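2 protein chains.
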Amino acid sequence: MDFHTEFKPLTVQPQEIEGKSFNMIDEEFGEHAFTKRQYKVVQRVVHASADFELGHSMLFHDEAIQAGINAIKRGEQVYADVQMILSGVSKGRIEKHGGSVNVYISDPDVMEEAKRLNTTRAIISVRKAIQQFDGGVFAIGNAPTALLELIRLIKEGYAKPSLVIGLPVGFVSAPESKEELAKLDVPFITNVGRKGGSTITVAALNAISLLAEKA
Amino acid sequence: MDFHTEFKPLTVQPQEIEGKSFNMIDEEFGEHAFTKRQYKVVQRVVHASADFELGHSMLFHDEAIQAGINAIKRGEQVYADVQMILSGVSKGRIEKHGGSVNVYISDPDVMEEAKRLNTTRAIISVRKAIQQFDGGVFAIGNAPTALLELIRLIKEGYAKPSLVIGLPVGFVSAPESKEELAKLDVPFITNVGRKGGSTITVAALNAISLLAEKA
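If you're matching them up, the sequences are chains Y and B in order. At the far end of the first sequence sits residue 1374, using the working numbering, and the numbering has no gaps. At the far end of the second sequence sits residue 1374, using the working numbering, and the numbering has no gaps.
Just chain Y, with the same shape it has in the complex:
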């Protein structure tokens, strides 16, 4: 088969599309009280979702952006609750500083321990992360149980993450888990309500590593 007979080279390059999209987002976003750097994260979230409501629902701890930049540049490890985040995130900007993105949810030891304790793999995988590294960026886009466990471990003094990106999507537990996160005095990026998910978490994480590149 020769698919090339009708082939026309691209007239619009991907980077051009991204620039145009960001201009459209800026025009339509409306008023807000985000700082300039927080808005960079919000912009990517809207770019990944085409959802302005989600963009306006974003919530930042005052130190979140700087803490995230510092963590990436120090080469701290990144934890992600699900494989989709690992697949979607731009790993180069994290790895060049020595960090990597870690998902433990399908590790045999995590599965075994979850079964033994009659709990979720998400909870055990957070515990594994806490045992594997100090500080770190915790990116949770799927499992409210992972976020709730992380919050518990922070409160009890076991965990001291450099940044928590908590953006699980869902009708049950997800909104509540994000409310709990927003009460903590740790650097966090989260949002109000049910919306979120892996692609949104990837967008936030990518925005932070981009800011780290320019910082």
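Be careful, since some hints might not be right.
Any copy will do: because identical chains look the same in the list, a pair fits if it lies in one copy or spans two.
[To be verified] When the alpha-carbon atoms are kept at most 27 Å apart in a straight line, the in silico DSSO-like pairs for lysine-lysine are as follows:
1) 1195 to 1232
2) 1250 to 1274
3) 1179 to 1274
4) 1255 to 1274
5) 1342 to 1179
6) 1250 to 1287
7) 1255 to 1199
8) 1373 to 1319
If you are wondering where the hints come from, they were derived from the structure by calculation, not from laboratory data. In this text, all values refer to a predicted model and were calculated from it rather than measured experimentally.
Knowing the structure of chain Y, use the given hints to seat chain B on it.
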């Protein structure tokens, strides 16, 4: 570290959460004209996004659901435009019939060919899929260029997919690509507007394989 001191076994099981979420979706969804089986797809899309607007924007070719079920049960191959879809989708219900989920975007031959022709890897990976298998389920959640190329190949008689799930997200090209898809008389699942993405595409694909299980 002993994290188990405060450990409480789960009182709410994941399946219970899913059931509760689906009840909430049913209660809030409001009026619609979807068939019973189309609504199963819509319900999962809303579950994955917490976005009722997105749910109501879904669009189905009349034969889409049945064609998708048949394709899965015949063990046809599934193409996905990005790795996130492969990571997120429930593969067991596809693989048990002999199908598998295929992503070509990072294959060396695809990267080389895209460079040679000055085009996107997404376009070349769609062409590769067409050369690899007949029929098939095409799940596109990210790259409008992939969807537009598939539409072109269908129109020119090179491709005859059993089902096209076209749900790219974005401000530029994405809405237009989905409009073009909705004009074709091939089994499609898409939506109107900018919203969509990998998690939404995964939800639609999972819904179809679940329907295949019960058919």
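Do the hints match the structure? See the list:
1. Taking CA atoms no more than 27 Å apart as the test, residue 1195 paired with residue 1232 passes inside one copy only; the shortest distance there is 20 Å, against 51 Å between copies.
2. Taking the shortest Cα distances, residue 1250 and residue 1274 sit within 27 Å of each other only across copies (22 Å), while inside one copy they are farther apart (31 Å).
3. Taking the shortest Cα distances, residue 1179 and residue 1274 sit within 27 Å of each other only across copies (23 Å), while inside one copy they are farther apart (49 Å).
4. In this assembly of identical chains, the alpha carbons of residue 1255 and residue 1274 lie at most 27 Å apart only when taken from different copies (25 Å versus 36 Å within one copy).
5. In this assembly of identical chains, the alpha carbons of residue 1342 and residue 1179 lie at most 27 Å apart only when taken from different copies (26 Å versus 37 Å within one copy).
6. Taking the shortest Cα distances, residue 1250 and residue 1287 sit within 27 Å of each other both inside one copy (21 Å) and across copies (26 Å).
7. For the identical chains of this complex, residue 1255 and residue 1199 are intra-copy neighbours only, at 21 Å inside a copy versus 44 Å across copies, given an alpha-carbon limit of 27 Å.
8. Only within a single protomer do residue 1373 and residue 1319 lie at most 27 Å apart by alpha-carbon distance; the minimum there is 26 Å, versus 46 Å between protomers.
In summary, this structure violates none of the numbered hints.
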